[in-house]
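Trainee: Each chain, letter by letter, is given below.
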Amino acid sequence: MKKIGITTTVPVEVLYAAGYSVVDLNNIFITSKDYLRYIEIAERDGFPKSLCAWIKGIYGACIENGIDEVVGVIEGDCSNTKSLIEVLKSKGVKIYPFSYPAKHTIEEVKKSIDDFIKLFFKDELVDSNIKEKIEDTRQTLSKGRVLARRIDELTCDFKATGLENHIYQISLSDFNGDIEGYTEILKEKVKEIELRKPKTKKIKLAYIGVPPMTPDIYDFIEKYDAQIVYNEVQREFAFPRFDRAKDIYEQYYDYTYPYSLEFRLKEIEKIIKERNIDGVIHYTQAFCYRAIDDIVIKRKLNIPVLNIEGDKLNCLDGRTKIRIEAFLDMLMDLKGD
Amino acid sequence: MRIVGIDLGSRFVKTLVMEDYKIVERICISTVSFYKEYCSFNGRLKVDFKKLGIDSFDFGVSTGYGRNNVDIENFNIINELKAHAYGAMYQTGLKDFILLDVGGQDVKIIKVEKGVLTDIELNDKCAASCGRYIENMAKILETSIDEIFSYYKNPVELNSTCAVFSESELIGKIAEGVPFENLCAGVNYSLYKRLKPLLTRFKGKSLLISGGVAENKALLEYLKSDYDEINVLNDSKFNGAIGCCYFGILKYKK
Ligand code: SF4
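For the protein sequence lines, the chains are A and B, in the order given. Reading the first sequence from the start, the letters are residues 1 to 337 in my numbering. Reading the second sequence from the start, the letters are residues 1 to 254 in my numbering.
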């Protein structure tokens with residue numbers, strides 16, 4: 001199977017139906033021992049110091065791993081991606097654009113996805129044959145989505161850890177390049193987690209914002225009497241409401257991350273209530289425009305919000321640790337014994 | 001219900017008693033005499049409350065400076081940043097604020113949002129903007145700290161970032177014949193220059209002030225250019241001890 005890289009979650013159903021194995025470049029970047037070198041490669045090729053590490057890491061990961069076809073999201077995600085794919089294009093990488101429509105209507109989403117389908121199926125009209133093939137793929141993927149959702153539930157029961165929740169939700173952006181293999185892994189994992197005794201914690205936290213450069217945050221928090229029981233964007237990557245959508249269009253219409261902050265907040269608020277969450281950690285990446293969202297997020301959410309920032313390092317710095325510690329300490333006081 | 005809060009600072013130990021949510025007693029003793037005259041040790045610190053003039057209480061909470069939390073017998077220890085957060089909440093009723101506390105050796109800046117600490121800045125290397133530094137400068141100028149605090153206009157430039165070098169720089173300025181007022185203002189302005197980078201992350205509309213620095217009128221004058229409002233807490237010196245008591249109340253109520 002030919003490999004295709006993605007810069008963020010896109011309708012992978014289309015890519016798998018077209019016979020590709022999908023790799024989320026973010027995942028290769030952040031799980032690699034070489035992550036710092038990937039950033040270095042980008043900076044040597046001229047990417048500015050003052051630019052988010054994710055963009056540089058994706059670039060380095062793409063070049064180093066010889067990925068020669070990439071889906072670049074040009075609308076609805078980071079605007080830096082637009083320039084990133086220009087550079088990749090100039091290096092001979094074949095680029096397929098995808099846009100989440102600026103106007104959040106089902107018609108616009110349909111148009112975007114149909115355009116995307118045409119890039120891979122070369123049809124003037126997206127006919128029923130193609131649609132069926134894609135829908136079949138969607139159904140195949142749904143087996144994995146059910147399992148990921150189960151891991152999400154098991155996190156609320158304090159059986160799965162925050163880190164496990166993070167990993168198994170986020171991995172559904174690409175199904176690790178192998179739908180069946182990964183679904184099997186998920187199945188085994190669910191079985192294993194279900195057998196565990198719950199490790200109940202006093203404080204329930206939500207993690208919102210882009211996935212962290214610093215995955216050690218989950219274990220760090222669990223050293224205290226607290227756990228992250230909701231990973232906003234990672235959970236969106238796994239499409240927990242996929243079965244409420246009758247087709248791929250509805251599924252990507254209901255996906256919160258690429259649309260307005262207001263739309264994202266509706267889902268966040270709902271989960272905060274459902275899961276009795278005590279506090280929110282809003283992660284932002286250094287140099288990311290999304291840090292501005294913090295103003296609105298703090299105003300809109302009526303529980304305490306801690307904004308932390310990551311840059312290039314893949315572990316928490318001392319200052320951030322002290323801040324998290326103090327935040328948890330006072331949340332505990334609020335909660336009483 | 002009587003609660004005792006003790007803030008074991010580097011220069012002074014502040015002890016405060018609250019009864020039914022009201023402050024009924026404030027005692028401030030130099031740190032050295034507190035340990036020498038009012039304490040004994042048996043693995044943990046035992047405080048002679050009778051001698052301090054406190055006969056009975058239900059609950060004790062203490063906080064220390066930096067990482068040196070001293071364990072007082074039968075007391076709860078809380079983190080000093082938290083103590084200051086609670087102190088300011090008690091004193092102002094606010095749940096969202098930025099607080100600057102400058103003590104004998106420490107600078108702390110904390111941000112509280114929705115009643116919870118969300119950001120912190122501490123001086124890590126040098127105490128050059130703290131009380132001890134001003135005491136040294138006052139000695140060189142052969143004047144009182146209060147006198148120094150009253151001048152803010154036309155500060156002479158003192159560029160050294162090191163407390164020790166600053167002293168020799170000041171002597172140099174005296175030798176150049178710089179007027180006394182400008183020397184004093186210069187000392188104050190040098191404090192401001194050292195605090196400013198620590199404050200960069202804490203932009204906002206208003207700033208609360210606690211600790212010994214609250215008495216530094218000149219410094220407050222400089223800070224006015226960065227915030228719309230500068231509010232000095234009434235019991236600025238006792239803020240940490242108040243926070244200890246307030247924490248005790250919160251705990252006790254539940
Ligand atoms: S973290 Fe922000 S700047 Fe970086 S890729 Fe994501 S959206 Fe773009």
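It cannot be assumed that every hint is accurate.
To be verified - One side only, chain B facing chain A, incomplete, derived with CB under 10 Å:
{"no.": "1", "residue": "LEU81"}
{"no.": "2", "residue": "LEU122"}
{"no.": "3", "residue": "ILE174"}
To be verified - No more than 27 Å apart at the CA atoms, straight line, and that leaves these computed lysine-lysine pairs for BS3-like:
{"no.": "4", "chain 1": "B", "residue 1": "LYS173", "chain 2": "B", "residue 2": "LYS139"}
{"no.": "5", "chain 1": "A", "residue 1": "LYS187", "chain 2": "A", "residue 2": "LYS2"}
{"no.": "6", "chain 1": "B", "residue 1": "LYS203", "chain 2": "A", "residue 2": "LYS300"}
{"no.": "7", "chain 1": "B", "residue 1": "LYS251", "chain 2": "A", "residue 2": "LYS201"}
{"no.": "8", "chain 1": "A", "residue 1": "LYS143", "chain 2": "A", "residue 2": "LYS3"}
{"no.": "9", "chain 1": "B", "residue 1": "LYS205", "chain 2": "A", "residue 2": "LYS298"}
{"no.": "10", "chain 1": "B", "residue 1": "LYS203", "chain 2": "A", "residue 2": "LYS201"}
{"no.": "11", "chain 1": "A", "residue 1": "LYS298", "chain 2": "A", "residue 2": "LYS335"}
{"no.": "12", "chain 1": "A", "residue 1": "LYS110", "chain 2": "A", "residue 2": "LYS91"}
{"no.": "13", "chain 1": "A", "residue 1": "LYS202", "chain 2": "B", "residue 2": "LYS114"}
{"no.": "14", "chain 1": "B", "residue 1": "LYS114", "chain 2": "A", "residue 2": "LYS223"}
{"no.": "15", "chain 1": "B", "residue 1": "LYS196", "chain 2": "B", "residue 2": "LYS95"}
{"no.": "16", "chain 1": "A", "residue 1": "LYS199", "chain 2": "B", "residue 2": "LYS224"}
{"no.": "17", "chain 1": "B", "residue 1": "LYS196", "chain 2": "A", "residue 2": "LYS202"}
{"no.": "18", "chain 1": "A", "residue 1": "LYS201", "chain 2": "B", "residue 2": "LYS114"}
{"no.": "19", "chain 1": "A", "residue 1": "LYS298", "chain 2": "B", "residue 2": "LYS114"}
{"no.": "20", "chain 1": "A", "residue 1": "LYS298", "chain 2": "B", "residue 2": "LYS95"}
{"no.": "21", "chain 1": "B", "residue 1": "LYS114", "chain 2": "A", "residue 2": "LYS270"}
{"no.": "22", "chain 1": "A", "residue 1": "LYS312", "chain 2": "A", "residue 2": "LYS266"}
{"no.": "23", "chain 1": "A", "residue 1": "LYS312", "chain 2": "A", "residue 2": "LYS335"}
{"no.": "24", "chain 1": "B", "residue 1": "LYS114", "chain 2": "A", "residue 2": "LYS266"}
{"no.": "25", "chain 1": "A", "residue 1": "LYS321", "chain 2": "B", "residue 2": "LYS251"}
{"no.": "26", "chain 1": "A", "residue 1": "LYS273", "chain 2": "A", "residue 2": "LYS33"}
{"no.": "27", "chain 1": "B", "residue 1": "LYS111", "chain 2": "B", "residue 2": "LYS36"}
{"no.": "28", "chain 1": "A", "residue 1": "LYS49", "chain 2": "B", "residue 2": "LYS203"}
{"no.": "29", "chain 1": "B", "residue 1": "LYS111", "chain 2": "A", "residue 2": "LYS312"}
{"no.": "30", "chain 1": "B", "residue 1": "LYS196", "chain 2": "A", "residue 2": "LYS49"}
{"no.": "31", "chain 1": "A", "residue 1": "LYS202", "chain 2": "B", "residue 2": "LYS95"}
{"no.": "32", "chain 1": "B", "residue 1": "LYS111", "chain 2": "A", "residue 2": "LYS321"}
{"no.": "33", "chain 1": "B", "residue 1": "LYS203", "chain 2": "B", "residue 2": "LYS95"}
{"no.": "34", "chain 1": "A", "residue 1": "LYS273", "chain 2": "B", "residue 2": "LYS251"}
{"no.": "35", "chain 1": "B", "residue 1": "LYS173", "chain 2": "A", "residue 2": "LYS273"}
Just so you know, the hints here were simulated from the structure itself, not pulled from any lab data. Bear in mind the structure is a predicted one, so any value in this text is a computation, not a measurement. From the three backbone atoms N, C-alpha and C, an ideal C-beta is built for every residue, glycine too.
Trainee: For every hint, state whether the structure bears it out.
Mentor: Tested hints:
1. For LEU81 (chain B), the interface hint holds, since its Cβ comes within 10 Å of a Cβ in chain A; the closest pair sits about 6 Å apart.
2. Annotation: LEU122 (chain B) was flagged as interfacial toward chain A, and the flag holds, the nearest CB pair being 8 Å apart, inside 10 Å.
3. For ILE174 (chain B), the suggested interface contact is broken, since its CB lies about 39 Å from the closest CB of chain A, more than 10 Å.
4. A C-alpha spacing of about 15 Å is found between LYS173 (chain B) and LYS139 (chain B), which places the hinted pair at or below 27 Å, so the restraint holds.
5. The suggested pairing of LYS187 (chain A) with LYS2 (chain A) holds, with an alpha-carbon distance near 26 Å, which does not exceed 27 Å.
6. For the suggested pair LYS203 (chain B) and LYS300 (chain A), the alpha carbons sit about 21 Å apart, so the restraint of at most 27 Å is met.
7. Between LYS251 (chain B) and LYS201 (chain A) the CA atoms are separated by roughly 20 Å; this keeps the pair inside 27 Å, and the hint holds.
8. Taking the CA atoms of LYS143 (chain A) and LYS3 (chain A), the gap is about 22 Å. The hint holds against a cut of 27 Å.
9. About 17 Å separates the Cα atoms of LYS205 (chain B) and LYS298 (chain A), which keeps this hinted pair within 27 Å; it holds.
10. A hinted pair counts as satisfied when its Cα atoms are at most 27 Å apart, and LYS203 (chain B) with LYS201 (chain A) does not qualify at roughly 35 Å.
11. Proposed proximity of LYS298 (chain A) and LYS335 (chain A) is supported: the alpha carbons are some 20 Å apart, at most 27 Å.
12. Pair hint LYS110 (chain A) plus LYS91 (chain A) does not hold up; C-alpha atoms about 31 Å apart against a cutoff of 27 Å.
13. Proposed proximity of LYS202 (chain A) and LYS114 (chain B) is supported: the alpha carbons are some 19 Å apart, at most 27 Å.
14. Our distance criterion of 27 Å between C-alpha atoms is met by LYS114 (chain B) and LYS223 (chain A), whose separation comes to about 24 Å.
15. Restraint check: the Cα-Cα separation between LYS196 (chain B) and LYS95 (chain B) comes to about 24 Å, which is no more than 27 Å; the hinted pair holds.
16. Under the criterion of a C-alpha separation no larger than 27 Å, the hint pairing LYS199 (chain A) with LYS224 (chain B) is inconsistent with the structure, at around 50 Å.
17. Among the hinted pairs, LYS196 (chain B) with LYS202 (chain A) is inconsistent with the structure: their alpha-carbon atoms are about 38 Å apart, more than 27 Å.
18. For the hint linking LYS201 (chain A) to LYS114 (chain B), the alpha-carbon distance of about 22 Å falls within 27 Å, and the restraint holds.
19. Distance hint between LYS298 (chain A) and LYS114 (chain B) is fulfilled; the C-alpha atoms sit about 9 Å from each other, no more than 27 Å.
20. Between LYS298 (chain A) and LYS95 (chain B) the alpha-carbon distance is near 14 Å, which keeps this suggested pair within the 27 Å criterion.
21. A hinted pair counts as satisfied when its Cα atoms are at most 27 Å apart, and LYS114 (chain B) with LYS270 (chain A) qualifies at roughly 20 Å.
22. As the CA atoms of LYS312 (chain A) and LYS266 (chain A) are separated by approximately 31 Å, the hinted pair breaks the 27 Å bound.
23. Restraint check for LYS312 (chain A) and LYS335 (chain A): not satisfied, since their Cα atoms lie roughly 34 Å apart, outside the 27 Å limit.
24. Among the hinted pairs, LYS114 (chain B) with LYS266 (chain A) is consistent with the structure: their alpha-carbon atoms are about 21 Å apart, no more than 27 Å.
25. With a C-alpha separation of about 25 Å, the suggested pairing of LYS321 (chain A) with LYS251 (chain B) holds against the 27 Å cut-off.
26. Distance restraint check for LYS273 (chain A) and LYS33 (chain A): the Cα-Cα separation of roughly 38 Å exceeds the 27 Å cut-off, and the hinted pair is therefore not satisfied.
27. For the proposed pair LYS111 (chain B) and LYS36 (chain B), the alpha carbon gap of about 36 Å is over 27 Å, so the pair is violated.
28. For the hint pairing LYS49 (chain A) with LYS203 (chain B), the CA-to-CA distance comes to about 25 Å; that is within 27 Å, so the pair holds.
29. Note on LYS111 (chain B) and LYS312 (chain A): the hinted pairing holds, with a Cα-Cα distance of about 25 Å set against a maximum of 27 Å.
30. Distance hint between LYS196 (chain B) and LYS49 (chain A) is fulfilled; the C-alpha atoms sit about 26 Å from each other, no more than 27 Å.
31. For the hint linking LYS202 (chain A) to LYS95 (chain B), the alpha-carbon distance of about 23 Å falls within 27 Å, and the restraint holds.
32. A threshold of 27 Å between alpha carbons decides the hint, and for LYS111 (chain B) with LYS321 (chain A) the separation of about 15 Å falls inside it, so the pair holds.
33. Proposed proximity of LYS203 (chain B) and LYS95 (chain B) is supported: the alpha carbons are some 17 Å apart, at most 27 Å.
34. In summary, the hint linking LYS273 (chain A) to LYS251 (chain B) is supported, as the alpha carbons are separated by about 26 Å, within the 27 Å threshold.
35. Between the alpha carbons of LYS173 (chain B) and LYS273 (chain A) the distance comes to roughly 63 Å, so the proposed pair goes past 27 Å and is violated.
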